[in-house]
Structure formats: structure tokens, C-alpha cells
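S.K.: Each chain, letter by letter, is given below.
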Amino acid sequence: MKRILMKGNEALAEAAIRAGCRAYFGYPITPQNEVPEYMARHMPRAGGVFVQAESEIAAINMVHGASGAGVRAMASTSGPGFSLMTEGLSYMIGSRLPGVVVNVMRGGPGLGNIAPSQGDYFQVTRGLGHGDTHGIVLAPSTVQEIVDLMPVAFELSERYRLPVVIAADGILGQMMEPVTLPEPIAPPPPPDWATTGAVGSPRVISSIYLAPEDLERHVLSLMRTYQEIREREQRWEAYRADDAEVLVVAYGTAARVVRSAVDRVRAQGLAAGLIRPITLWPFPTTAFERSPRRWLVVELSAGQMVEDVRLALSGRAPVGFHGRVGGVVPSPAEVAEAIRSAVVGEVVRA
Amino acid sequence: MAVHEIVIAGFGGQGVLFLGEVLAQAALSEGREVTWLPAYGPEQRGGTAYCTVVISSEPIGSPVVSDPTVVIAMNRPSLDRFEHAVRPGGLIVCDSTLTGRAPERTDVQAVAVPATAIAAELGAVRSANVVLLGAALAAHPILAAESVRAALDGMVADPQVVARNAAAFERGAREGSRP
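Taken in sequence, the protein lines are chains A and B.
Per my numbering, residue 2 is the first one in the first sequence, and the count goes up by one each step.
Per my numbering, residue 1196 is the first one in the second sequence, and the count goes up by one each step.
These aren't lab readings, by the way, just hints derived from the structure by calculation.
Worth double-checking, as some hints may not be accurate.
[To be verified] Interface residues of chain A toward chain B, partial, derived using beta-carbon atoms under 7 Å:
| hint | residue |
| --- | --- |
| 1 | GLN175 |
| 2 | GLU178 |
| 3 | PRO179 |
| 4 | PRO183 |
| 5 | ARG260 |
| 6 | SER261 |
| 7 | SER332 |
[To be verified] Listing some non-contacts, in silico: residues in chain A with all C-beta distances to chain B over 12 Å:
| hint | residue |
| --- | --- |
| 8 | ARG23 |
| 9 | VAL52 |
| 10 | LEU85 |
| 11 | VAL153 |
| 12 | MET177 |
| 13 | GLY198 |
| 14 | SER207 |
| 15 | TYR227 |
| 16 | LEU275 |
| 17 | ARG294 |
| 18 | LEU312 |
| 19 | VAL345 |
What you are looking at is a predicted structure, and each value in this text was computed from that prediction instead of being measured.
Where is the CB? At the ideal position from N, CA and C, for every residue including glycine.
Next comes chain A alone, as it looks inside the complex:
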């Protein structure tokens, strides 16, 4: 298989087309602009549809429409645009529609800046919009993993009839790495619920249930799906974790910096390891059944995933936190120091 160099943004666009995506809708925002740029050129050649929408609100509602018609559809954006898309995501969840949305996270809040960030963790994991909403959230940490997760995202989205979010960050979008691309697949036929024309019995896609009893039944059905996802779809990767006395939890770009930091402190005799969640929702709680003496969470945020780690551990071990905000990415040396401090902190407290 031939390896080629690709930017994360371009690789994800190409991987989506190869996964049978035939409709892309977006609105420009850095640091993900190479996605619509690539889609504008390549999606029509694949026989699909590219639309630069008038806003992110329009883009997500176009995904809603295409998905309702049974087409593999996606959008991509970054923080400010993702906020606008959450209204449409809630409608898609309420309507049980699949679809993939990529959030190439940047510094926030507000317009913030265009530097890499993981500050949207709460937004993507706690509820994708109003109501009792959840969607599977996948967090790649290499360009190859972006490519590998793209067909998975569409498949999961269709299996559970819920949107899937790919949570990347500015570095993953802008960085080039070698990738091996999969062979393209043909788009799957429209599912039997799709509104492909009123032939036979009419089909309706809607998120409105005016009678409380009807809506309750609908939400309870969603909750059963959420529970099934929690039980079946947790994904994570462990690195040098088996004999670790201190385990560091990080995802995406932060996990790469931690991986380098783990190697640094291991070289100095400190048994550290890495747990890297790949699904942010469902959070991979089964990765936390074993307890070393000490945990440390590293994020490009003020401390968001750390709450899920503390919930997963239920007080069984102390959990430290090291985060950088504003688009600042810590160096491996800085994180190595944080790991050493976490271990020293335990000794002091003992």
C-alpha cells in the first residue's frame, strides 16, 4: 500500500469521499478551510454534492436534508461554527438522522483564535444541543487515524441513527503526515426509513412529538440507544500502561505530546503510561478499571475531560490536571515536568 503525505484536513476530506460520502456542506472557518477547499474540487468528480452554505446553521440543515434522503452526508467546521450547528444537531438527533460533523477545534471562547485547542470537549460530549442529546464523538490523534475513523464514523452513525462528531484540533488539521488511503467504496443504498419519494407508504422524518407521553416514549428509546452505545462502543488506546505507576490521560494532539513526555520520564526511570480515549462519548470507562497510584490528565483546555476521568475513577485514586489554554500547546519537556510533579505531589501529601 502506497503511503503519501497529506494534511489532516485534506486526508479527512478524501477519506470521507472514499467512505461513500456524497454530500458535503460547510462554511469557511480556520483551521479547517482545506476541507471545503478539497471537497469543492473533488466531491463533484465523485458524483457528489458540494455546497458552500450561507452559514453553519444552513450547512447543518443541509446535512439534515441530505441524510433524510438517505445520502451519506457531512459538514465540517471549527468552534464558533460548531456552536451554530448544535441547533441542527439536536434536530438530527430528535429525528434519528445519521451524519458526520467534524469539529477542528480552535482557541475559544468567542472568536478566540485559530490556534489548536480542545476547549470544546464539554460541548461535544455533554449534549449536542438542547434536549437529551448525545452523539458518538471520535477523537483521532494522527492523520492516519483521521482516515481510519472516517468510514467508522459513517457506519456508527447509520447503525445507531445518530450524528457522529469527529473532534480534531488545529494541529491535526494543518499537519502533514504519511497516510495510506483505503480503497473507495460505493455509497450504500438509502436505508428503508429514508424519504426517497412517496412510493408505497409515506415516510415522515420529524423531531416533534407534541403529546408528552409520545415524546417521553421517543426520548426513552433514544436513551436505550445511548446505553447500548455506552456498552458497546468505548474505544481507547493504552501506551506503556501495563506496569505504570502513574497513568496520564490525554486525547488527540495532547496525547501525542504526552506520549513523547512518557518516553522522556521512562528514560529517567519513572514508570509512566498513557491512556488515550478515542471515543470521548461514550467515555471509555472500562479503561479505568485498573488503578495505578496516581493519575494525571493533560488537555488543551482549562480542564474538561478531567471530570470524566474523576467520574470513572470514583475517588479510587488522586487525579491531577495539567492544561494549557488559548491555543498554547505544551512541549513534551513541560508535560514531563508535570508528570514528575504529580508523582512528587503524592509523596508530599503522604
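With chain A fixed as given, assemble chain B onto it according to the hints.
M.R.: Using the frame of chain A, we list chain B on its own:
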């Protein structure tokens, strides 16, 4: 095998990102792992630009580097900014036509090449970046010169530019291998 963590910095328009991509393509052709990360802020022609290239035989952790093993500085602000970051024992290559000074560090290998002047003399003024690339590779065997030359040729369509780059690379290599 050693991990190479390379920062290339200069003005936007000097071919900073291009040089990094040449190294990344050459690393790929040698079957290495590689990351190429541009500084992607509001960069513009004439503003500062830099990129980070990490080359390793193993999967690469951080694509962000605070203490590079190699710095190629194509102007004075870049030398001022990155000289002190270079790891002891590392390499600094600078375009002395534009930096106006040689590196001051004594615990690193320093190669000051008047790359812009050399490129002008070769009639290839836009190939000053390639002069520095040739010098860096001659001073420090990051990758095989043949694979870098092949990557360089592969990234340019115009045969005249290919020829100018080849001349610039050879001249840079001579400058970089001077004791």
C-alpha cells in the same frame, strides 16, 4: 536511529514551508515516519513563517518541538528567536546575507552561509532556501542527499527551476561541508 526535530524559519515567501515539505517527502521516500507542521497563524508574504519537521524511524509523538536538533534560520528575526532553542550538540544553519550575524552559541554546530548572495550569483535568487538545505544536509546527515534531491525535483514542475535548484543544492552542500 536518531530522531531529527527540525525548525525552518524565515520570511513568508522565502520557501520556508516548501523546504520543510522537501524534507518530509524525502523522509517518506526513505520509509521513515515524519510530521510537517506549519505555523498557521495570520502569516503573510514578508511576515514571519516557520514550520517544524520531525523525522524518526518510530511513530512520532509530539509534532510540536521546543528544543529542535536542527534550526535553519533564513533571516535575522528567526535566528534571534530560535538560536537559543537548539539542543546542545545540534545544528544551526543560517543565511548570513540576511541574518547579518553568525550564530553565537558555542555548544552547537553553526554553519553561516551567505545563501541569498550565493543564489543571486547563481542566477537563482529564489533558490536561497535550497542553498541552505544543501548546507544543512552536508553538515548533518539527516537524510540521504539523493532522496532529498529526488524529493526536490519531484516538487517542482518547471525544468529550469529544477536545474537552478540542483545547482543551488550542490553549492550549498559545498558550503556546508567546509570545516
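S.K.: Of all the hints numbered above, which does this structure not satisfy? Sort the numbers upward.
M.R.: The structure conflicts with hints 4, 12, 16, although it agrees with all the remaining ones.
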